[in-house]
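> Each number in this note's numbering corresponds to the 1-based position in the sequence shown with 8 added.
It should be emphasised that the hints constitute simulated quantities derived from the structure, not laboratory data. Check before you lean on any hint, since a few could be wrong.
Computed beta-carbon distance windows for the label pairs [as the list claims (entries may be wrong)]:
hint	residue 1	residue 2	range
1	58	32	11 to 21 Å
2	20	57	26 to 36 Å
3	21	57	12 to 22 Å
4	51	20	30 to 40 Å
Every value quoted in this text rests on a predicted model; they were computed, and no experiment measured them. We treat Cβ as the ideally placed atom computed from N, Cα and C, and that holds for glycine.
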Amino acid sequence: MQNFALTWTDITGKARASSVAYDKGSANSRKAELEAARNTDVTIVPIRPGELPQP
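Can you build the whole structure from these sequences, using the hints too?
Set out below in structure tokens:
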């Protein structure tokens with residue numbers, strides 16, 4: 009199973025990264041939530057178990 013995380017820029021301009029891993033469907037749902045909250049550069053990043061992306 010492939011895991012995914014998200015990176016984005018919040019509305020204040022700060023780079024952020026998710027602290028949890030998602031499956032593909034959940035990552036897509038979270039991406040939509042982040043975009044609806046006016047965050048920018050929302051990207052789904054494939055990760056390995058135990059890894060987290062850098063913002």
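> Against this structure, judge whether each hint is valid.
Results of checking the hints against the structure:
1. Residue 58 and residue 32 have their C-beta atoms about 18 Å apart, which keeps the hinted 11 to 21 Å range intact.
2. The hint said 26 to 36 Å for the Cβ distance between residue 20 and residue 57, and at roughly 31 Å that hint holds.
3. A C-beta distance of roughly 31 Å is found between residue 21 and residue 57, which places it outside the suggested range of 12 to 22 Å.
4. At roughly 18 Å, the beta carbons of residue 51 and residue 20 sit outside the given window of 30 to 40 Å.
Checked against the numbered hints given earlier, the structure breaks hints 3 and 4 and satisfies all the rest.
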